[in-house]
Amino acid sequence: MNTIASIAHRLTLESSLMTLIKNKVSEGAKLFLGPVIGIVAFLLLWATAAQNIDTSLGKFPGPAAVLEQFYSLYDDHAAERDKATLFYERQDVRNAKRVAKDPSYEPKIRQYTGKETFLDQIVTSLITVMAGFLVAAIIAIPLGILLGLSPAVNSAFNPIIQIFKPVSPLAWLPLVTMVVSATYVSDDPWVAKSFLNSMITVSLCSLWPMVINTSIGVASLEQDLKNVSRVLRLPALTHVRKIVIPASIPMIFTGMRMSLGIAWMVLIAAEMLAQSPGLGKFVWDEFQNGSSDSLARIMAAVVVIGFIGYLLDRGMLQLQRIMSWDKNSGAI
Amino acid sequence: MSIILDISKIDMVFPTPKGDFTALKEVSLKIAKGEFISLIGHSGCGKSTVLNVVAGLYEATRGGVVLNGKEVKEPGPERAVVFQNHSLLPWLTAYQNVELAVKQVFGKSKSKAEMKQWIEHNLALVHMDHAMHKRPDEISGGMKQRVGIARALAMEPEILLMDEPFGALDALTRAHMQDSLMEIQAELNNTVIMITHDVDEAVLLSDRIVMMTNGPAATVGEILDVKLERPRNRLQLAEDREYNHLRSAVLTFLYEKQRKVESIDSKKSLSSTPAQKEEATV
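The listed protein sequences correspond, in order, to chains P and E. Position 172 of the first sequence, counted from 1, bears residue number 172 in this note's numbering, the numbering being contiguous throughout. Position 208 of the second sequence, counted from 1, bears residue number 208 in this note's numbering, the numbering being contiguous throughout.
Among these hints, one or two may not hold up.
Residues from chain P that keep clear of chain E, each with C-beta distances beyond 10 Å, as calculated [said to hold, decoys possible]: (1) Thr19; (2) Leu86; (3) Asp326.
In silico BS3-like pairs for lysine-lysine, Cα to Cα no more than 27 Å straight-line [as the list claims (entries may be wrong)]: (4) Lys257(E) - Lys25(E); (5) Lys73(E) - Lys116(E); (6) Lys116(E) - Lys226(P); (7) Lys226(P) - Lys103(E); (8) Lys73(E) - Lys25(E); (9) Lys108(E) - Lys226(P); (10) Lys226(P) - Lys73(E); (11) Lys226(P) - Lys70(E); (12) Lys226(P) - Lys257(E).
Stretches of chain E that chain P covers, calculated by requiring three or more beta carbons in the stretch to come under 8 Å of a beta carbon on chain P [claimed, not checked]: (13) 75–84; (14) 98–111.
Source of the hints: derived by calculation from the structure; they are not laboratory data. Where is the CB? At the ideal position from N, CA and C, for every residue including glycine.
This is chain E alone, in the form it adopts within the complex:
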């Protein structure tokens, strides 16, 4: 498979009043076309920072990101982002939110009727066609996130970046959304990087799970291949030996291998350093 995205040795250093804070150190990752990658790690380990560098919202201090042979220097619609808290424009309807993106990306190449059809197609894909003329404050959290995904998909990105897309949802809604996302993924076969806290979500959705060490100077700890057959069914997988094995591998990494690193010292430095500042701005 061809490599579409190459994250090569990125360091991220944030200047702070107390001196520089190294959030990321030599993070490297190659992603193939059509791959679904999960980034998992404890809070404040810099997962979002990696995603923001790929998105172009942050500029890496050292190293760089190459997408399809071109270096990433600024944000762009070919690297669409689904933000953690939906980030819909509250004064626009679901349709208009997607329209803003579609007009920007396809304003020159598609006719008005084609754009309308494309917007409606994407909203139907996330099962939001029944409420496309509602505003964000009139729909539930899960529905907002669906619209956010539709907006990102409508840009026809080369890679889809999802920053804890279901983190703010309740467990049942989250399960629904994961199923929807798998459906969409089966249809479109997008390249995806998703940040998550949720071990089950990571195993269920991913082709590979990238586990990050704790910050400061976080980096890629282990990479786990998930070779479960698709389509995947959460009920059947619950009994599956391979699934449970993968699950416990991730849990072991997070709660045994990485826990040891989190000594009292590092905790202190975590709480007093810009890990929080980073969280706040991300």
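Isolated chain P, as found in the complex:
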């Protein structure tokens, strides 16, 4: 009798444990199952389709070929770094010898001028996009606040904004290049011209969403809050600092997220066209190179570009959640 009861007890315990585990698993499944199925289906479709596409550079790369290129790109990077280390070691030895012979000799330190690896290009692109985006933000947010505060200024600027907003980066690029090479003349340049070209093009294209969203955010400030400010007789600058900017933070961030997305897309195109260092140049070089690995390498770059774009967006969203008082605004 006793044993039967204890077995029954254990059974119910076990079954309740089982349901608990089942529930946990199904929760996890709900979260991950969808994306996993989606990705697996996409990889299968990609692999099948790739086999059936013949190009002059061989078959279109499937997922396996791209993965292989990731390894190879990393190996290239490591090899290039080794070469650089060796170069500097040889240089040091050589200089030491010269100094030993002739103490008055001042050793010359030369930079290693090997080719930029895939990882170097990623870093260059990230720096460029951030610089371009920051320049745009520094111009766009104050301008947006000004436009939002004054309907008169807004109506003056609006036609210009509407016309420049849809312009493709590729149309700006030649103009930017010519202007930069004409005006940025220096024997000891602080940054490379190519960097400036890409950066300015990125800025020009990512200005607009920030300007527009900021101005809308500022213009839609609640009348009640304006009245509070008027009753308190807040000076103009305090009004902007204490009321206008905090109130429009959610809209400013929406604009910044849109702008950063555009900035990243524009940058790749600008680098391709202008041959400025970066991921865009990597893609273009591989295309010109035309080896049997080229397509797989380009595809690897595509994946990386997409992934970085996604991370940039997530990063911006996190920043918005930290900075914004309105916790609902960063929901999407």
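Dock chain E against the given chain P, drawing on the hints supplied.
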């Protein structure tokens, strides 16, 4: 008693696409120091417009407002406003909301420690000292309104303007708030103009009830003196003959005398004229 505020013959005309709309016509009112005045009337009769003119948020088309011998031309902290829907800055805590006002008004005359003490004193006055570091979205509607009142009181206004301060609250919270306001009033003896829809609230709180006629061209209809003794207790007053008499006087004005004016014609003109626009912006 000395007259602190003189509203003299103000007209308010709003331009609309269909022509001018006269919201107020020859509104006159003199208010003594320490008086609690209620403005009561049907929706859209221009009560809020009167308050906004006194606040300086609107400029009267004709006539003017004189406070302590000076004409009102722009808004200012000596005419603090408690807005209908609290109007707290949602990104600041209760304390910081009051601080913004205190810094602006007393930034030069009070030291940091004095300001801190003054902010805390005002929040304690409205019984919000326990939640002063909470943000507006973390506290209830009644509590937000308390903070709004603390912010207005902290400006040490010469006159306190309240635009239906308890209109958006439930009946129980509203009763609490009215009691709190009477307590504060007993202590500080502020001059107050309060807009209300609520007849009981008007009789309970006021020294005088100013009843406005229906718009367009609304004006002061009747003024009722409320000579009930203070402190007032809502439970005792419910049985009080004088209280009930006053209550029915206000009700008679609103539902008999002013109802007749509200013919179909005026209703039509109300719904198609900027009465609504005015409501929306107020």
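Hint numbers the structure violates, sorted upward?
3, 5, 12
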